[in-house]
Amino acid sequence: MTNAYLYKSTKRLLLLTLFTAFYTCVAFAQDGEALFNSNCKTCHSPFDKVVGPALKGVENRHSEEWLLKWIKNAPGMIKSGDPDAVKLYNDNGKMQMTVFTNLKDEEIKAIIKYIVDVKPPAASVAAKPTEEGGEEKSSNTWIYLLVAAFVLYLISGILRRTQHTLAQALRKKQGVPEPAAMTRWQGFVHWSRNNKKLLAIILITLFMFGSVKAWYGLMSIGVTQGYKPDQPIKYSHKLHAGDMKISCIYCHSGAERGKVAGVPSLNVCMNCHKFVKQGPTGDKTEIAKIYKALDYDPDKGTYGPNPKPIQWTRVHNLPDLAYFNHSQHFVVGKIECQTCHGPVQDSMTVAYQYSKLTMGWCIDCHRRTPVQMANNAYYNDYHKELLAKYGSDSLLTVERIGGTECARCHY
Amino acid sequence: MKNIIKYILPVAAAIAVSSCNDDPKSPGYEYMPDMYNAVGYEANSANPIFKDSITDQQPVAGTIARGNDIYASMDRMPYPYENSPEGYEAAGLNLHNPLERTEANMTEGKRLYENYCTHCHGPKGMGDGLVVTHNGPKPPAYSSDALKDLPEGKAFHTTQFGKNMMGSHASQLTASQRWKIIMYIQTLQKPGGQTAAADSAKTEAKKG
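Residue numbers (this note's numbering), protein chains in the order written: chain A, 1 to 411; chain B, 1 to 208.
Please keep in mind that the hints were generated in silico from the structure rather than gathered at the bench.
All C-beta atoms, glycine included, are put in the ideal place defined by N, C-alpha and C.
Just so you know, not all the hints are guaranteed correct.
As the list claims (entries may be wrong) - Computed cross-link-like contacts, EDC-like style, restricted to lysine to aspartate or glutamate with a CA-CA straight-line distance of at most 20 Å:
id	chain 1	residue 1	chain 2	residue 2
1	A	Lys-274	B	Asp-128
2	A	Lys-334	B	Glu-114
3	A	Lys-234	B	Asp-23
4	A	Lys-213	B	Asp-23
5	A	Lys-79	A	Asp-393
6	A	Lys-238	B	Glu-82
To be verified - So these bits of chain B aren't anywhere near chain A, every CB distance computed over 12 Å:
id	residue
7	Ala-72
8	Leu-147
9	Leu-150
Using the sequences plus the hints, can you model the full thing?
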């Protein structure tokens with residue numbers, strides 16, 4: 001949530017009632033960020049190159065008018081020979097940006113505003129922060145908050161005591177009889193009668209906080225985005241696919257042939273690790289786990305009789321009720337692995353689930369990704385028919401050929 | 001005392017709700033988990049039925065997979081030469097690329113080469129891939145004296161069983177895919193010129 005939006009929402013707070021203003025504020029402040037996350041994040045990051053370029057500073061690189069046009073129809077602009085568009089296309093591995101005809105001008109402006117305002121996450125600001133360092137930082141904030149809360153609590157206790165003693169002394173002096181002692185509940189009722197406004201504010205705050213938390217809590221049920229389990233071997237995708245640029249499908253070759261991309265069998269590891277016996281830091285324990293599983297003697301180069309499979313922990317799991325096929329997307333649809341799996345080669349020392357993998361997330365992509373029909377004999381006739389109906393290649397999305405039909409994935 | 005309730009309650013409530021799903025090592029909560037976890041055994045899942053607990057079993061020894069894809073005769077038939085120096089020589093003499101040297105095969109060969117070979121053999125086949133520069137095993141350049149006249153049969157035999165530091169790539173690539181790669185590699189063996197091996201004995205891909 002940005003300052004500008006908070007300011008806007010504060011103004012609303014004065015105008016409307018506290019309650020409605022709160023929900024408006026949440027809805028508005030979410031706008032740019034939520035739109036960015038659901039539409040752009042699969043291929044863009046504000047700070048890093050993912051599939052497309054890093055977006056920070058995009059408002060200086062292109063005019064707003066150009067950006068509106070570009071986001072709505074990038075392939076069209078490339079085709080029309082717009083020099084900026086062609087340059088972008090060539091600089092980013094000739095990957096066409098998808099069309100976003102579903103976004104309104106205001107929504108695109110909200111996204112641009114989000115990119116202008118967004119600050120880099122704390123961890124990436126510091127030079128080469130370790131994961132432990134980042135965690136320490138956040139736990140420090142918690143400690144400060146707790147200490148502050150405790151101090152405030154002490155101060156309020158002391159003030160109460162003083163007030164109580166003073167009132168007692170005053171009553172004694174004036175000869176007013178002490179009020180009857182109250183039970184804790186009576187005391188609370190008495191206090192709340194005298195502090196109706198404070199009580200109302202506390203209750204409303206609690207309710208709002210709770211309802212938002214509960215809403216997001218419910219929305220995250222069954223969504224395993226960010227799941228990053230420990231694996232039996234500390235395998236780093238960053239080292240293998242990033243530093244050494246081993247292609248994804250070298251190990252996950254199933255993605256070319258069928259439904260499952262697959263975890264590579266250990267003979268694929270041994271293609272290199274027959275030779276490479278220690279990691280870049282000189283550590284041998286992780287690679288030794290491969291040898292142990294294969295019952296392999298690295299000194300003699302011989303295999304023993306008792307190999308045991310390594311039980312990796314599955315990160316991505318679609319429910320059984322949804323059919324998903326890797327080759328359909330990777331080979332036929334020519335979707336980059338990173339579109340769904342994120343910057344595996346750049347940042348994943350431990351693999352995690354980058355995308356939501358919810359149905360809405362699937363459908364979003366099916367609605368905006370054009371099918372590559374040109375030069376595909378399978379689509380020859382259908383292509384002409386669809387072109388006549390919808391006009392432009394960039395509008396022939398997966399949805400137009402039935403990619404959002406229920407039975408396409410649920411059967 | 002009532003202050004305690006006033007201050008502790010919201011904090012406790014906040015911690016209680018926000019701690020629901022923040023642990024990246026937990027997949028979080030699921031609604032009706034029986035629909036998320038397959039009853040059947042999936043690829044790569046553990047399997048109590050087989051002795052080695054692996055679901056992805058090898059085909060039974062001595063059997064041939066069925067299928068009618070266009071490369072079936074290549075991809076599904078057993079490899080006839082033995083994993084021995086004699087087999088290597090015999091393959092060099094008798095084994096030839098069954099695929100035609102077409103534009104499409106060459107393009108696919110290049111794509112496969114870039115995905116499955118470059119990281120060791122290097123983009124131009126000079127044996128200078130990024131794995132090599134990261135302390136990996138260094139293969140000889142295709143244009144070196146050792147490899148520039150290597151018959152295609154020997155090259156295929158190597159992808160089938162591995163040689164020296166190179167392992168077998170038969171589990172990642174089908175026979176037809178490896179033939180396409182070899183077709184592309186021949187252009188790296190003798191940059192600029194047609195290879196004798198590539199010109200000899202090419203028959204069309206058999207269908208069925």
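Tested hints:
With a CA separation close to 18 Å, the supplied pair Lys-274(A) and Asp-128(B) stays within the 20 Å bound. Pair hint Lys-334(A) plus Glu-114(B) holds up; C-alpha atoms about 16 Å apart against a cutoff of 20 Å. With a CA separation close to 19 Å, the supplied pair Lys-234(A) and Asp-23(B) stays within the 20 Å bound. Proximity of Lys-213(A) to Asp-23(B) is assessed by CA-CA distance (about 16 Å); at most 20 Å being required, the pair is judged to hold.
For the proposed pair Lys-79(A) and Asp-393(A), the alpha carbon gap of about 11 Å is at most 20 Å, so the pair holds. Restraint check for Lys-238(A) and Glu-82(B): not satisfied, since their Cα atoms lie roughly 38 Å apart, outside the 20 Å limit. The non-interface label for Ala-72(B) is consistent with chain A: the shortest C-beta to C-beta separation is roughly 14 Å, beyond 12 Å. The beta carbon of Leu-147(B) is kept farther than 12 Å from every beta carbon of chain A, the shortest such distance being approximately 19 Å.
Distance to chain A confirms Leu-150(B) as a non-interface residue, since its nearest Cβ pair spans about 20 Å, more than 12 Å.
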